[in-house]
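Could you slot chain B onto chain A? The hints should help.
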Amino acid sequence: ETGVTQTPRHLVMGMTNKKSLKCEQHLGHNAMYWYKQSAKKPLELMFVYNFKEQTENNSVPSRFSPECPNSSHLFLHLHTLQPEDSALYLCASSQTGAGYTFGSGTRLTVV
Amino acid sequence: GENVEQHPSTLSVQEGDSAVIKCTYSDSASNYFPWYKQELGKRPQLIIDIRSNVGEKKDQRIAVTLNKTAKHFSLHITETQPEDSAVYFCAAPHTNAGKSTFGDGTTLTVKP
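The listed protein sequences derive, respectively, from chains A and B. Per this note's numbering, the first sequence runs over residues 1 to 111. Per this note's numbering, the second sequence runs over residues 1 to 112.
Chain A on its own, in the form it takes in the complex (with noise of 0.2 Å):
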């Protein structure tokens, strides 16, 4: 693992489901991102936290939730999503100003 772990690395879930996401860092850095990686749109900003504050929320439904506790974790609630939410999940973190480092994905299917 390159210092950004994320699991699960593959879940399939129905559409009335609750499931968490999980991002682990222990590379220091004081921001983390989530992105959604599908062919529609191969890495579009989800959600941005700097120090465990959420400073983006880039018009993300409320069937996502995020969840910051502190600088090195970070989760992502889902709750009654859709078959077209089916995609990768990036977990990334940086230094403020610097390049990223990601994380494996999830590979989600809504069924």
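The set of hints was computed from the structure by calculation and includes no laboratory data. Just so you know, not all the hints are guaranteed correct.
Result set (DSBU-like, lysine-lysine): computed pairs, CA atoms no more than 35 Å apart in a straight line [unchecked claim]:
#1 B:K68 with A:K22
#2 B:K58 with A:K40
#3 B:K57 with A:K40
#4 B:K58 with B:K68
#5 A:K52 with B:K71
#6 B:K111 with A:K22
#7 A:K52 with B:K57
#8 A:K41 with B:K58
#9 B:K111 with A:K41
#10 A:K52 with B:K68
#11 A:K41 with B:K42
#12 A:K41 with B:K68
#13 B:K111 with A:K52
#14 B:K71 with B:K111
#15 A:K18 with B:K42
#16 B:K42 with A:K40
#17 A:K41 with B:K71
#18 B:K58 with B:K22
#19 A:K52 with A:K41
Here is chain B on its own, set in the frame of chain A:
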């Protein structure tokens, strides 16, 4: 906000040839420009970056050039090899916003 356009969307070259991918950005205050490589089934990884106080940076077979006046920067890969086949993304930051906008990616195929 920042708007990033990346071209071409696909690029096919013969092994040994050079490849060039270009990105334009809109925020003249942007000062950091990274490039990421994503191999099939893997995470994007930072391969090279440049800051606005320099015009070019090289690392072995890859280089990045920056033209601040024209607001574009390019990735150059020389002596391409099959293992260079991947999707390449450029990015540009939103000034003081702690986030970056990514280009839509370029799928590079290097034919042996």
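Hints and how they fare:
Restraint check for K68 (chain B) and K22 (chain A): the C-alpha separation of about 38 Å exceeds 35 Å, so the hint is violated. Distance restraint check for K58 (chain B) and K40 (chain A): the Cα-Cα separation of roughly 32 Å lies within the 35 Å cut-off, and the hinted pair is therefore satisfied. Between K57 (chain B) and K40 (chain A), the direct Cα distance comes to roughly 32 Å. Compliance with the 35 Å bound is thereby established for this hinted pair. The straight-line distance between the Cα atoms of K58 (chain B) and K68 (chain B) is roughly 18 Å, inside the 35 Å bound, and the hint therefore holds.
Note on K52 (chain A) and K71 (chain B): the hinted pairing holds, with a Cα-Cα distance of about 32 Å set against a maximum of 35 Å. For the hint pairing K111 (chain B) with K22 (chain A), the CA-to-CA distance comes to about 38 Å; that exceeds 35 Å, so the pair is violated. Of the supplied pair hints, the one linking K52 (chain A) and K57 (chain B) holds, its CA atoms being roughly 33 Å apart against a limit of 35 Å. Between the alpha carbons of K41 (chain A) and K58 (chain B) the distance comes to roughly 30 Å, so the proposed pair stays at or under 35 Å and holds.
With a CA separation close to 26 Å, the supplied pair K111 (chain B) and K41 (chain A) stays within the 35 Å bound. Distance check on the hinted pair: K52 (chain A) and K68 (chain B) sit about 33 Å apart at the alpha-carbon level, within 35 Å; holds. Our distance criterion of 35 Å between C-alpha atoms is met by K41 (chain A) and K42 (chain B), whose separation comes to about 17 Å. The straight-line distance between the Cα atoms of K41 (chain A) and K68 (chain B) is roughly 27 Å, inside the 35 Å bound, and the hint therefore holds.
A C-alpha spacing of about 45 Å is found between K111 (chain B) and K52 (chain A), which places the hinted pair above 35 Å, so the restraint is violated. In summary, the hint linking K71 (chain B) to K111 (chain B) is supported, as the alpha carbons are separated by about 31 Å, within the 35 Å threshold. For the hint pairing K18 (chain A) with K42 (chain B), the CA-to-CA distance comes to about 26 Å; that is within 35 Å, so the pair holds. Straight-line distance between C-alpha atoms of K42 (chain B) and K40 (chain A) comes to about 18 Å, which keeps the hinted pair within the 35 Å bound.
Of the supplied pair hints, the one linking K41 (chain A) and K71 (chain B) holds, its CA atoms being roughly 23 Å apart against a limit of 35 Å. With a C-alpha separation of about 16 Å, the suggested pairing of K58 (chain B) with K22 (chain B) holds against the 35 Å cut-off. A C-alpha spacing of about 26 Å is found between K52 (chain A) and K41 (chain A), which places the hinted pair at or below 35 Å, so the restraint holds.
Checked against the numbered hints listed earlier, the structure breaks hints 1, 6, 13; every other hint is satisfied.
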